[in-house]
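Chemist: Given next are the chains, with one letter for each unit.
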Amino acid sequence: MTENVLSGWNRKIQPPAYTPDYKSSRARSPRQPLIKPNFRTSETDGPVFFQGDLGPNDNNLLCNFYHDGDPIGERILVFGRVLDENGKSVPGTLVEIWQANAAGRYRHLSDDYLAPLDPNFGGCGRTLTDEDGNYSFKTIRPGPYPWPNGDNSWRPAHIHISVFGGEFAQRLVSQIYFEGDPLIPLCPIINSVPDRPAINRLVAKLDMDASTPFDCLAYRFDVVLRGPASTLFENRLEGN
Amino acid sequence: MSGKPIQTVSQTAGPFVHIGLVTPQAGFEVYENELGGDIALPDIPGQRICVEGAIYDGNDEPVKDAVIEFWQADGEGRFARPNANDGFRGWGRVGVDFETGQWRINTIKPGPVSEAEDTVHAPHICLWIIARGINIGLNTRLYFDDEKEANVSDPLLSIIENPERRATLMASSKAENRYHFNIKLQGDNETVFLDI
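Residue numbers (the numbering used here), protein chains in the order written: chain A, 1 to 240; chain B, 1 to 196.
Please note: incorrect hints may appear among the correct ones.
Stated by the list, open to error - Only some residues are given here: those of chain B computed to face chain A with a beta carbon under 7 Å: (1) P45; (2) S114; (3) G137.
What the hints assert, rightly or not - 30 Å max Cα-Cα, derived BS3-like pairs, lysine-lysine: (4) K184/B / K23/A; (5) K88/A / K184/B; (6) K184/B / K205/A; (7) K148/B / K12/A.
By construction, these hints were calculated from the structure, which means they are not laboratory data. Every residue gets a Cβ at the ideal spot worked out from N, C-alpha and C, and that includes glycine.
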């Protein structure tokens, strides 16, 4: 029996709540210090999902909103591994993604960008990681789009990703960017991250070995969740 | 990857988070089985309760695009585990109302949770809040103001020295089995958020 203690958020690399260049954060960032419980908490457990919760095409955005054909755009495979900070795979965990279509338009009641919707593209997918922590999605590469932050602000192409992990405290949302996108250094949301290497790790890398000839290119994106910082109980045993 | 893996950094869920996490709210459907609507199915034993509230920003404007996730124990203080699959998931999520910022959940009241031999947590629900403008998801807890005795000895409430701040974690009992819980992201009556 081991009792793991989750490592904390690394505040040197994680974005702070208040990042004024990203205007929406100004009024939505707590100003009081966070309270840190010094005991094992309820958040060290977390929900469990089952294969039966999902449908067979949930991770295939090329066909999960089929109307009368394939979606328009560059067909890609986005794949990777969910692991923790000790390099241990996180199997059976729920990964969810959402994104704009190839033109940069979201299928969402609140998106009024003039670019067109794609009748065959919904823009969401979900899957459980396999026993080695691997996940994959077939989709189209999203387009960049303008947003109301400055006079002429554009988001780089990105896919939103949500990961559970085994503990509610590991809950993470982030964004997957694409190698070579010139909009990346201009984006205040990306620049909310105070650490250049951490930003680089948000950029999915082209992986020709994983691509399918005459079908789709592949981009790799690994997700590292906060992991057990130490195994206190085991250490104690060793000390005895 | 060389060396020890480094934790992935968070990015805001953005205003279109519903597409991925509560798809019908975005205005369409993809999944046969939407997740998160059933914290406790109707046949789960326990005291059925409804908790509702709103979420506000530092300018007292409703935050209309937030998604809130909930994680709680069952009526006897047990969290759902992989092999305790009796229909109690103990987890759910809602997108707040686009017009008003209001949210509501139907669940069972959680029991007190024993974390260790001598540590008992008062009945509570864990919350995780994401939205446009929130760079890293916010964790907090909801307690019940009609559990006065249990709340007094709760280890988390006990380390919040200022009673006014402690009060931000209390859902108020409005009527039988109905509670109200507002979340304030910033400013006066700012909710206590946790570094867990």
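Chemist: All hints, please: hold or fail.
Modeler: Comparing the hints with the structure gives:
no. : hint            : in the structure
1   : P45             : violated (19 Å)
2   : S114            : violated (11 Å)
3   : G137            : holds (6 Å)
4   : K184/B / K23/A  : holds (18 Å)
5   : K88/A / K184/B  : violated (37 Å)
6   : K184/B / K205/A : violated (39 Å)
7   : K148/B / K12/A  : violated (39 Å)
Against the hints set out earlier in the document, violations occur for numbers 1, 2, 5, 6 and 7.
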